[in-house]
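So the sequences go chain by chain: Z and U.
Going by the working numbering, the letters in the first sequence line up with residues 7 to 280, in that order.
Going by the working numbering, the letters in the second sequence line up with residues 7 to 280, in that order.
Because the hints were derived from the structure by calculation, they are not lab data.
Please note that a few of the clues may not be correct.
Given that identical chains are not distinguished, each listed pair holds provided it fits within a single copy or across any two copies.
Lysine to any residue pairs mimicking SDA-like chemistry, simulated, CA-CA at most 20 angstroms apart [unchecked claim]:
#1 K106 / S235
#2 K106 / E234
#3 K106 / E174
#4 K36 / A84
#5 K106 / W199
#6 K106 / Q236
#7 K40 / R51
#8 K64 / I197
Number of protein chains: 2
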Amino acid sequence: MPSPNPRESRREITGFSNPTVKYLRSLRDKKHRKREGVFLAEGLRLLTDALECGHVPKTLVMASARDPHPLIDALETAVDAAGGDIIVTTPDILGKITGKDNPQAVAGVFDEFDTSLASLDRSAAKIWLVAQALRDPGNLGTMLRTGDAVGAGGLILIDDCADPFSVEAVRASMGAVFTQSVARASWDEFIGWLRQGEGQLVAASLRDAVPYRGAPYAAPCFVMVGNESQGLPEDYEAACDLRVTMPMRGRADSLNAAVAAAVLAYEVLDTLER
Amino acid sequence: MPSPNPRESRREITGFSNPTVKYLRSLRDKKHRKREGVFLAEGLRLLTDALECGHVPKTLVMASARDPHPLIDALETAVDAAGGDIIVTTPDILGKITGKDNPQAVAGVFDEFDTSLASLDRSAAKIWLVAQALRDPGNLGTMLRTGDAVGAGGLILIDDCADPFSVEAVRASMGAVFTQSVARASWDEFIGWLRQGEGQLVAASLRDAVPYRGAPYAAPCFVMVGNESQGLPEDYEAACDLRVTMPMRGRADSLNAAVAAAVLAYEVLDTLER
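One chain only, chain Z, in its complex shape (with noise of 0.2 angstroms):
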């Protein structure tokens, strides 16, 4: 149903054939989001929180059978008035730009971030999360939902990581990666920007270790995790300021990363709070 006033802005796309489809299609793999530097991003609250945040889409796509709804008036509001595309098409072709079988009522198109270290204050934040070769994109948006609800700065992602960009990770992220500082890095850039300034690098080890309970963090603290089957390299555990245990009580030596620095990053919080 056309909106009572059409936008200049806006088009109605019903071919899956159709070359925007295509586009928006192609961002679901990494190489293309690469290309053209922007990602995909799916739900009425996830826009929504990105709005509030002051990151408006390039493009928005909406389903046209969708009920109407203030939040989506606002969005494309937003949307004209930054020049942006705002796309009407059916919920069949919504679901296959964003390969899911329920797709929500709208998804948007936005430019990347800047993922330089350079761009990160450390002073804005007391936690700030470290992954290291994380594969894992689900893994990688909880961490970013985590950094959040902590009250993190952002999520540094060190070596080999999945892309935070994918939209498995925004998905995950629930809104986070609009909240949250991304920095992409190697190993040596991260560890030289991190001892120019202060900071105080943390990690779940069982070598040379204090127990993670009353372990004396310090702001602004960083909290790292490995990757799900290795584990962080020793080099990069020995390079840590802190090296903390978490009780293992079973069979099993180690936690899902995205848990283990949830668990931590709490209780950095706990101490920092106190």
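Here the structure of chain Z is known, so what remains is to put chain U in place on it, guided by the hints.
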């Protein structure tokens, strides 16, 4: 390369269309698992954990190109002694069975466990995890893994949860599906069972809640989290003995379900061990 002492129970399969391969692949589907009462687990570490916990696969599937390994030999011996089948196949076919591009060297078929509430001994552990309508098998497996880490007795699945015996959940559990009890029940069944004995039901909540740090946790403590998008129904929260809040310093008002369970369970562990 055939073993120097080929066992009678051992057979080689090289065709994708072999009925056994079709049967094994079908176990990736919940309907077939349920009908057969079995599930698939993959990976040498996981199968070794299973064996050490007394779970011998009915069928052991191995890639023919595998390197010799004493742990694989131990598995073979155990399966053989228990009268199970040993199947040697190609890495490609093993990949098809487990749905992974880089399959592990071994996979096993196990009988499903008893998942009745009656099978649980609540006095066996101080902590139990409870999930309500948890839809993501990765979250479910992660909760099992966390349960193992905090020394929980098991995971109780309320209402319509993901299948704990799916390949994804088993994989995410990192073997904890073999160390943790799993029960499935409706809410009414669960609350009826819980109230027949000792047990404190705790949930993270925004309603009428106390801070999660320093809350009066008591064993056996049942830590409950709700559905990924809906959270817990209000009446389920109301039925809890203790409602606790975790700090939320950002825009989000909730954590990933498996993360919330872990942060809470580690706090409970600290209180109960103090």
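Structure-based check of each hint:
1. Proximity of K106 to S235 under the C-alpha cut-off of 20 angstroms is restricted to the inter-copy arrangement: shortest distance 16 angstroms between copies versus 28 angstroms within a copy.
2. Taking CA atoms no more than 20 angstroms apart as the test, K106 paired with E234 passes between copies only; the shortest distance there is 16 angstroms, against 26 angstroms inside one copy.
3. Within a single copy, K106 and E174 get their C-alpha atoms as close as 11 angstroms, and across copies as close as 18 angstroms, so both meet the 20 angstroms cut-off.
4. Within a single copy, K36 and A84 get their C-alpha atoms no closer than 27 angstroms, and across copies no closer than 45 angstroms, so neither meets the 20 angstroms cut-off.
5. Taking the shortest alpha-carbon separations for K106 and W199, neither the intra-copy value of 39 angstroms nor the inter-copy value of 38 angstroms comes in at or below 20 angstroms.
6. In the homo-oligomer, the alpha carbons of K106 and Q236 lie at most 20 angstroms apart only across protomers (19 angstroms), although the nearest pairing inside one protomer, at 31 angstroms, exceeds that limit.
7. For the identical chains of this complex, K40 and R51 are neighbours neither inside a copy (25 angstroms) nor across copies (37 angstroms), given an alpha-carbon limit of 20 angstroms.
8. Taking the shortest alpha-carbon separations for K64 and I197, neither the intra-copy value of 35 angstroms nor the inter-copy value of 50 angstroms comes in at or below 20 angstroms.
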